[in-house]
Amino acid sequence: MSALAVRGLTRRFADVVANADITCEIHQGEMFGLLGPNGAGKSTFVRQLMGLLRPDAGEITVLGEDVVRRPELAPRLAAYLAQDERAVAELSPLVAAELTGRLRGISRAAARRDAGELIEELGLTDCAQRPMVRLSGGQRRLACVATALIGARPVLILDEPTTGLDPTARRAVWSALQRRRESGATVVLVTHNVLEAETVLDRVAVFDQGRVIACDTPGRLKAAVSDDVRLDLVWRSDPPAGDATVTRLGELAQRTGRRWTVRLPAAEARAALGELTTGAAFAALDDFTLATPTLEDVYLALGGRAHDLEHG
Amino acid sequence: MSAVARSTVVTYPATGFGAAFSAVYAGQVARARTARAPLFFVATLQSLGLLLLLRGVVDNGRPAEKQQIVAGSVVLVIGFVALNLLAQRFGHLRADGGLDYYAALPVPPAAVVLATVASYASFAVPGTVVVAVAGAVLYGLSLTHLWLLVPVVVLGGAALAGIGAALGLLAPRPELATVCGQLGMSVVLFLGLVRAARMPLPLRALRAVIPSTYAVDALAQGLGDDPSWSRVGADLAVCAGAAVVALALATFAYRRAVSR
Chain P
1 MSALAVRGLT RRFADVVANA DITCEIHQGE MFGLLGPNGA GKSTFVRQLM GLLRPDAGEI
61 TVLGEDVVRR PELAPRLAAY LAQDERAVAE LSPLVAAELT GRLRGISRAA ARRDAGELIE
121 ELGLTDCAQR PMVRLSGGQR RLACVATALI GARPVLILDE PTTGLDPTAR RAVWSALQRR
181 RESGATVVLV THNVLEAETV LDRVAVFDQG RVIACDTPGR LKAAVSDDVR LDLVWRSDPP
241 AGDATVTRLG ELAQRTGRRW TVRLPAAEAR AALGELTTGA AFAALDDFTL ATPTLEDVYL
301 ALGGRAHDLE HG
Chain V
1 MSAVARSTVV TYPATGFGAA FSAVYAGQVA RARTARAPLF FVATLQSLGL LLLLRGVVDN
61 GRPAEKQQIV AGSVVLVIGF VALNLLAQRF GHLRADGGLD YYAALPVPPA AVVLATVASY
121 ASFAVPGTVV VAVAGAVLYG LSLTHLWLLV PVVVLGGAAL AGIGAALGLL APRPELATVC
181 GQLGMSVVLF LGLVRAARMP LPLRALRAVI PSTYAVDALA QGLGDDPSWS RVGADLAVCA
241 GAAVVALALA TFAYRRAVSR
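So the sequence lines, in the order shown, correspond to chains P and V.
Throughout the first sequence, residue numbering follows our numbering, covering 1 to 312 in sequence.
Throughout the second sequence, residue numbering follows our numbering, covering 1 to 260 in sequence.
Rather than coming from a laboratory, the hints here were simulated on the basis of the structure.
Only true hints are included.
Listed next, the stretches of chain P that the computed footprint assigns to chain V, with coverage defined by at least 3 CB atoms under 8 Å from CB atoms of chain V:
id	region
1	64-73
2	86-92
3	97-105
Using C-beta positions, here's what the derived DEER-type ranges look like:
id	chain 1	residue 1	chain 2	residue 2	range
4	P	R270	V	E175	56 to 64 Å
5	V	L45	P	S107	35 to 43 Å
6	V	V179	P	A223	52 to 60 Å
7	V	L45	P	D202	53 to 61 Å
8	P	E182	V	V150	52 to 60 Å
9	P	T168	V	R33	25 to 33 Å
10	P	G219	V	R33	48 to 56 Å
11	V	S259	P	A110	28 to 36 Å
12	P	S107	V	R62	53 to 61 Å
13	V	E175	P	T168	34 to 42 Å
14	P	M1	V	E175	44 to 52 Å
15	P	T168	V	H92	27 to 35 Å
16	V	S259	P	R258	45 to 53 Å
17	V	V57	P	S107	55 to 63 Å
On a predicted model such as this, the values are computed, not experimentally measured, just so you know.
All C-beta atoms in this analysis are idealised placements derived from N, C-alpha and C, irrespective of residue type, glycine included.
With the rest of the complex left out, here is chain V (with noise of 0.2 Å):
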């Protein structure tokens, strides 16, 4: 290769992991801002609507039910946003051939993939804030612990977006990879407001192995007067452990898509 050419090259290099980062998450925010705020509002009124629908229900029940229930709606805000948008996104774009925008860009991979999963996992912050409070206040349960929303959205997030990632840059058609945004939201709603011990065996087996499960758990305990740390720290690490691998899957994914 010739000097001029090995210049050429020194001139322009590659956009570093954080430029990168920081770069596709400011598009994702301004894109929310002008398009997607309908979708979260959305999501927010979906777990606030069966907040009041099983108010009724659960009336005299015990408080791990009510904590069960206020959490898992909480969750699901992450899983309609995070897990059912992420893939639907990801989906059009990869067969609408817009994964190509980045692709042609110098930039690493895993900083597109997971600035699009922290862009979509932070877009669920208000709607899960504005659902664990109304959900504490309906069900007459303890704010204390609220601060546990933070690390819940962070690593549940991270873990359900990587997921939706991945089903959305790994399904062949869009229309497949709306599908499984919509089954996977499902599955962490009716895993998530049901107690495991009501549940039949096989479900138990399925609510064990979702990450979104743990991320109920956790803050399902914050929503007691007691919690038990050590049970809420065991169920982060699992969000954080199933986060990891879900991204990691997600990367995997991206790079797939975008080397025809």
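Bound-form chain P, shown alone (with noise of 0.2 Å):
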């Protein structure tokens, strides 16, 4: 059985379309992300599975419970973890996971068990008697995602759970999201992070203005775009105007201030490199890279038009 089917889900905010009548089905048991940028509709999206925005159009089933027609049942399915937790904001990180999993209904004490033991997994025993306010972006976000984790719940709906943290700290979340799935948990996680998504998630869908424009494993969808790779031209001044290669990458490539990205068949961007480093415009180079597809070049390929992904 699926952990969660959506058919056809539509949502529109006035003349928006935030969601547009999308379908995907996500496996008891997986890692599935949402990748996009800013403003794709993942939010939207996740907010309707957990029952906290109503459709206007569409079907949700959270292990086989339509939580569109009986949105309070998503609740006990599914833990979520939403981008800002001004609710728990002035308690401890302590706290905060014992009273939410006092909340999920789990007694005192084995909510205050639980509690300790997650502050622990998440290396946040040197802060956890501190209000959250008076602590880090990144150990605030960390402790919000105790909140999540407390009262093991079947289904783990997370919307940027890593958003803010340093690399250490988002490795203990994805080796904490890893042990719930080893234990059975599907979890649900959105991202702007093309390393997240291409480190921990079984399958990503990916976003756009509100579609999905592409559902599968990282390996697969980076494969459907295997034929282009990414060539990286820094330049330490102005590149010669009379070089043919260079005045063709420039009509391709995105430029960011000096550097310049440009996505071409392998062959192609192997015989541009070689005609840039042994041609004039090798001394204006800086520096350069040629690189495998990333998701991100998966999310352009298929037609993706913003550039706010991250990648570290």
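Given two chains presented individually in distinct reference frames, assemble the corresponding complex, making use of the accompanying hints.
Below, the structure written as structure tokens:
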């Protein structure tokens, strides 16, 4: 049985279509990601999964339960991490996790014990007793992750759980999610971080302007655009205007300051790089890289137009 | 629906009202300890300041006026904390999406509203005791029936906090929730301190429809030497009725705010 099944989900805000006819299925025990730029409709999508927002059209089932018809069932089956947790901001991480556990119905003693274990698992022991408003953004985010993980729900829906975390904390969250997945939980994770999507997710739905433009494993998605590679060129001065290779690449490049990013078939990219490094343009070239496609390349190749996906 | 799905739902029942109420209340108390305490001091100091200010004005006044001022100052503490601060709290939670935290948990909406209302009403307790004792000493009034504070804070607090919660949850913008909360507190202040007999008719009518009036009148009776217990009982009954209506309205407003 699928953990979550969504059919024809549509939601508008005035004239803006936030989700347009989305259909997808998320399997039990899967680590499923929603990747896309800000404003692509990912948060609207997960808020509907949690029954927090009523769809204009479409069906959603969570573990077989129709949560459009009975939205009160979603919080029983799924834990949710919102982007912002103002409600618990003045509590310490330990108290926030413990009280959230009690609100999920576990006993006071069990909530206290589980909160302590979660705080340790996420590396928050040193600041467990301090109010979250006095913690760094990363520590606050980790504390909020703890509130989502307590009470062991079979489905975890997390909206950007690792935003603002340093690499060590991010890996702690990934490991914690991996452990829940190994115990049978289904994880739905919103991200706009390409590295996160490629590292931890079993499957990815790529969102753009309210639509799912692709949905598959990261490997298959990248294979779909495997003919292309990404050539990054960084110029230390203006490249020679008369150079035919420079002119051709300049027409194709996405420019960020002195950095040009060009997506080309592999053979063509290799040839262009050969011409650049042996010709007059080499003197103006500061750095270059030739890389296989990332999920960002998939997003762009499929017609995505935004450029605010994170890489680190 | 498959048997597997049915068993999953059964495995994860909704949290009961009592457990949810207790956890939400505990959370509010923990918040108050870390961040809200200074505001409760402000509420108490404001009322103590009014007592001192008006002490000279009613130096030779009738006992009924003195009782009114002390009772009005006590209920003002409840108005500040339970009505004003709670309207602001819910106004901001609603605007910032903070209500999603509770809405994404398997708890009865009434437990969230009632526990928050109860917590804010109880935050007013220390301030009301301080103001009542200081007022009675300062104005030479009887402390014999100070126990009346208990039903006044419980019933008046529930009514005013219910109104504060409803204002915060119904206001379309957090700034409006703040304005409504402060206006509500001002109404409690002006209509609580001045005796009805001294008010023009429209204000008397307004005074008659706000629940704080009945909390003030009940407490004012209790600060006298020979209270009319039938009037105290009637005033507290009105407070109780207003509390039921205000809490029902607040619960409706919460449900409306989280089901979009």
